[in-house]
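There are 2 protein chains.
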Amino acid sequence: MANRHMHLGAFLMTPGHHVAAWRHEDSANDAKEWLSADYYVRLAQLAEKGLFDMVFFADHYADRTKREEDVSHSVTARLDPILLLSAMTHGTSRIGLCATASTSFYEPYYLARAFGTIDHLSHGRAAWNVVTSGNAYEALNFSRDAHYDHALRYERATESLKVAKKLWASWEEDAIVLDKKAGRFTDSSKVRTIDHEGHFFSVPGPLNIPRPVQGHPVIVQAGSSEPGKELAASSAEVIFTAWKTRKDAEVFYRDVKQRLVKYGRDANDLKVMPGVMPIIGKTEEEAKEKAAHFRSLIPEEAGLRLLSGLLNFDLTGYPLDGPLPDLPPVETNNGAKTRFELVTKLAKVENLTIRQLYQHIAGARGHREIYGTPEQIADQLQDWFENGAADGFNIMAPLLPDGLEEFITEVIPILQERGLFRTNYEGRTLRDHLGLKKPNAAEVLQR
Amino acid sequence: MANRHMHLGAFLMTPGHHVAAWRHEDSANDAKEWLSADYYVRLAQLAEKGLFDMVFFADHYADRTKREEDVSHSVTARLDPILLLSAMTHGTSRIGLCATASTSFYEPYYLARAFGTIDHLSHGRAAWNVVTSGNAYEALNFSRDAHYDHALRYERATESLKVAKKLWASWEEDAIVLDKKAGRFTDSSKVRTIDHEGHFFSVPGPLNIPRPVQGHPVIVQAGSSEPGKELAASSAEVIFTAWKTRKDAEVFYRDVKQRLVKYGRDANDLKVMPGVMPIIGKTEEEAKEKAAHFRSLIPEEAGLRLLSGLLNFDLTGYPLDGPLPDLPPVETNNGAKTRFELVTKLAKVENLTIRQLYQHIAGARGHREIYGTPEQIADQLQDWFENGAADGFNIMAPLLPDGLEEFITEVIPILQERGLFRTNYEGRTLRDHLGLKKPNAAEVLQR
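From first to last, the protein sequence lines stand for chains A and B.
For the first sequence, the positions run 1 to 447 when my numbering is used.
For the second sequence, the positions run 1001 to 1447 when my numbering is used.
No lab work stands behind these hints, which were simulated from the structure alone.
Careful, some of the hints might be misleading.
Stated by the list, open to error - Calculated cross-link-like contacts (lysine-lysine; reagent style DSS-like; alpha-carbon spacing at most 30 angstroms):
no.: 1; chain 1: B; residue 1: LYS1190; chain 2: B; residue 2: LYS1180
no.: 2; chain 1: A; residue 1: LYS180; chain 2: B; residue 2: LYS1180
no.: 3; chain 1: B; residue 1: LYS1049; chain 2: B; residue 2: LYS1032
no.: 4; chain 1: B; residue 1: LYS1049; chain 2: A; residue 2: LYS32
no.: 5; chain 1: A; residue 1: LYS32; chain 2: B; residue 2: LYS1437
no.: 6; chain 1: B; residue 1: LYS1180; chain 2: A; residue 2: LYS288
no.: 7; chain 1: A; residue 1: LYS345; chain 2: A; residue 2: LYS229
no.: 8; chain 1: A; residue 1: LYS32; chain 2: B; residue 2: LYS1438
no.: 9; chain 1: A; residue 1: LYS180; chain 2: B; residue 2: LYS1288
no.: 10; chain 1: A; residue 1: LYS247; chain 2: A; residue 2: LYS288
no.: 11; chain 1: B; residue 1: LYS1282; chain 2: B; residue 2: LYS1244
no.: 12; chain 1: B; residue 1: LYS1244; chain 2: A; residue 2: LYS32
no.: 13; chain 1: B; residue 1: LYS1262; chain 2: B; residue 2: LYS1162
What the hints assert, rightly or not - Example chain B residues on the side facing chain A (calculated, C-beta under 10 angstroms, incomplete):
no.: 14; residue: SER1027
no.: 15; residue: VAL1071
no.: 16; residue: TYR1137
no.: 17; residue: LEU1207
no.: 18; residue: LEU1346
Every residue gets a Cβ at the ideal spot worked out from N, C-alpha and C, and that includes glycine.
My request is simple: use the sequences and hints to build the entire structure.
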């Protein structure tokens, strides 16, 4: 490899990553647009044109929290993202396809089969972002009295992922023989039960689909808490994370890369990809104006809802122009712990009111926002990439498809000129794009 | 409506409905063919070219029963069919998309969201075949000690479907207002919790996707037992069933249509569509030879496996050229009860050995087989259709895509000439094709 290349994900939060994207004058005037297969296929084709490693979908399993008006001021509806990946397998040939799915609500047999199916349908382009979910309202929709607490969620996630990997390994790669003459479809000695008996799951297996093209789909992990980092270090291949300063990102990067050692893994076996929302202008001034325009579109209620969600604490009724109230300590918070710490720290250090805080973070939903000319955008990505803060980025276009198109047309060529990004796809699978090894089935089964 | 038209489903059991299709010389020589998105999209496009109402996928959740060699002699691998529907949404515009999914293993929130997503992506073409699953090995893969027994499975299915319908009704059709100026995305008074508290599930809702295009996806039911018929009469819109004689089919048809009355439903609200495997020849002789050729390809072990599966009783070790052993009474059998009765009755009436029995039924997996010239095929369909035995058929091509292509080219034009089948799609949604009413959300919520 001549140059180390950035890995790029196209984070697809429709109709754009900015929380007020739907109010933008360039956004569709009919929400049906975001509910059609063609829309998602076009986005995947666009990301493929831009030579991205993959598209990426978040997910959640509830429409609202306690407040009746939550649904009024932002786009809360989300089609099932695993199904969106499937729609994207047709009409594309290279782009990786990543969706979030929660181990708290789905059984590992379902998860292994679903992501294995996507990997087959796409000829080796699937990735699963393993999450444990942080919202109590989601648990209620799955007939639970309450959400599992944080530690238990991660224990369950760890076991679920272990079961899924074994299920993917339950068929050897060459198990299908298709000998028409002898009437032998499969060499049954190469299809084995896994006989998993664990704390949360018992699954005899085998899976009822052949071994996925990539051995198994690429495993992405998106929690940055202590157990999240351990899960990533032991089992994930990409870590998706949110940092607003390079210093914080560097500390995190070193931390997770060092944890790999005790699992016998190499620094290259886990790619760190923070989220970033780029707002691009022909001039710096224009970019700033664009950002200010987006900010002006955030309805108070939507800002407050998003902030409440990030903190897992309902801020309704607190004065918007006053400070954050005293919040329960992080140890007692059953939401996303790292986000909580990030946001409360920001409020304290910069002495922000609730309104200033949501304006600061709601736009990019807690992720890093960068502004500027295409060169300035490229500079900011390069800065993190070359200074031990990132192996690549999840690019969160503030408005879709425009923001993604702009990034591809304006920023990608600069990254390519600087030797920081591929000029064509060299392989066919997502593992090829990410430079990840194909997992060994025999090793998985021994664990 | 001038003529009453047949409804046709294209049942897609890859690589063909015949249990030995994969051994046929015209079948693919590489199993990868049946694992690719393009293959499934081509099948959907073919069915759409033939003006079928819908494609139809069965499903199961385990690769084998107890016997190690089960996997050797038939195609047991099955990609997740809900994901196959999603892949088919792109590249088609009229064909209905139906997949089987089990209420025994999936939560209603997941099911409602998944089939609702397909309905949006396809602009109103989704259908869900609600099953309870009959195989104990499937339950084990979902961390259960044993499968729910038959009655309990149907109670769970009934409640699951009720929850799903309420979730689909939790958004009113015009809930999204998308008022950019006022910053109002949704009229929150039109998005409501359902607050379901039942025996199996508690689900506050609302769903996190808007009301599906068809109100809700078309509900298909595939069990013909007593509780199966009740579920169909109370809640389903299509019933998929298996009968080998017109007399049995007529009795069943009258039975389910009569049951509709007590639920305040009309005979047209539920379409009865038995499965049928047509083997078509230029002459009757050629069709018979084709059928004999298919039969000669059935490996002993695959025939025995399929027969054991239909009876939910392991026949291994019994002499193939002897009679069926005494089987436990149907009341104690926790599998598909109607199939059990159908098969044991056939063995008794025709005094068949185990081998003769599996040769008789394994080919079409328990469904009706018909042979002949295109005219003779059309005659046999017309006979059932006009004599109170069926509203249409699930066409089970013995080999895919060839058998489907042949049916479309040779048989469909005859049905059209006779005024028995549409000559173009008159509507856009699957409900339009089937002549089904759009459900009323307010009524669903009151139940």
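What are the numbers of the hints the structure violates, in ascending order?
2, 12 and 18
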